[in-house]
Amino acid sequence: MAKIIVVTSGKGGVGKTTSSAAIGTGLALRGHRTAIVDFDVGLRNLDLIMGCERRVVYDFVNVINEEASLKQALIRDKRTENLYILPASQTRDKDALSKEGVERVLNELANDGFEYIVCDSPAGIEHGALMALYFADAAIIVTNPEVSSVRDSDRILGILQSKSRRAEKGEHVDEYLLLTRYNPARVSRGEMLGVEDVKEILAVPLLGVIPESQSVLKASNVGAPVILDPESDAGSAYMDAVSRLLGEEKAHRFINEEKKGLLKRIFGGKKHETV
Amino acid sequence: MRLFDYIFNRQEKNTASQAKDRLQLVVAHQRFAQNQPDYFPKMQREILEVIRKYVDIDETELSMQLDQNEDCSILELNLPLTAKKVQTNSLKSKNNKPKAAARKKVKES
Ligand SMILES: Nc1ncnc2c1ncn2[C@@H]1O[C@H](COP(=O)(O)OP(=O)(O)OP(=O)(O)O)[C@@H](O)[C@H]1O
Ligand SMILES: [Mg+2]
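Residue numbers (the working numbering), protein chains in the order written: chain Z, 29 to 303; chain P, 109 to 217.
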């Protein structure tokens, strides 16, 4: 049985695509056959983050419209085994994703032996975002420690609980909070909402805390998901989140400001520096 | 993990220039796609299908442009073939067979 995971947020620019790429890659690294599907029709970006933009020939909408087979449109990742990417279309027709079409493609992926299908949702609560979450078994709510992001996450949680297929059938969708762009130093100075604050407001189990990190920009520059950079704080935080998604217990890291020792203070800490 | 070291260290100092190179390509594609006629993507795919029947190609290397001048339009298609040099006998074998058969038939008749 394939597990369909939507990565969603309501608010734009909080790190959905970064997280979809990292978590999808992480699941594949752990040996699970995984497909990452870009639902952001008209504003495709997953291909750039995964570094496969030059290999896009067919896309999700082509498969829905039966202009290409799923096999033709799926891009096999060149770095990570078990990993495939289904790019979004650049069409301006935002209703191009029909519910029936999306369902057919997801079923075909499941029948093809994919264990995880990670759906990278567009921002907002319009058609594209609804299609991305409708078939989900689990939802990763990407949230920044910032008021509008937290409010929008709550809004999207409400939609998951009322408008998803599982909700319509009276079943529940597994919900996970992924707090990204977290800056422990600012939290301890009282300038930023802390993990506990956000957890308390949203009341959703915490999948992970991804620190604000320079490694994310670097990874997107070269088109390699940040989880492939095991030295980086963000990369290891995503790796931990993947372990938790797979049911393992992992203590949360990168939540507290790293106290720099004297030597580090002089020579500069390198690994876990935050922006 | 080795691979990542390779990707990142190759130009460790300057991932930004890699980003710029990648973006220039993508943006050029995107701008072109915005102004192309609606039938263009489909035509492009069908042309590719036909070429693929005869020779091995890497479609990611394809560049196809429609230049509109005042009095004429030019369709320009550039596609490096996977094989270094395509010779008549290096065409995909499955396509050679029917050809040979066809020739025979002509002789027989
Ligand atoms: N942990 C992080 N540290 C630093 N920068 C980050 C982090 N996570 C994401 N970013 C940056 O935030 C920006 C938005 O990220 P991303 O594209 O993943 O968001 P998104 O939610 O998919 O956006 P959209 O709603 O437009 O689809 C990018 O510039 C990305 O590099
Ligand atoms: Mg995105």
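Since the hints were made in silico from the structure, they are not lab data.
For each residue, glycine too, the CB sits at the ideal point set by N, CA and C.
There may be inaccurate statements among the hints.
Claimed, not checked - So the derived label-pair ranges between C-beta atoms look like this:
id: 1; chain 1: P; residue 1: 157; chain 2: Z; residue 2: 279; range: 47 to 57 angstroms
id: 2; chain 1: Z; residue 1: 138; chain 2: P; residue 2: 157; range: 21 to 31 angstroms
id: 3; chain 1: Z; residue 1: 140; chain 2: P; residue 2: 157; range: 19 to 29 angstroms
Looking at the structure, which of the earlier hints fail to hold? none
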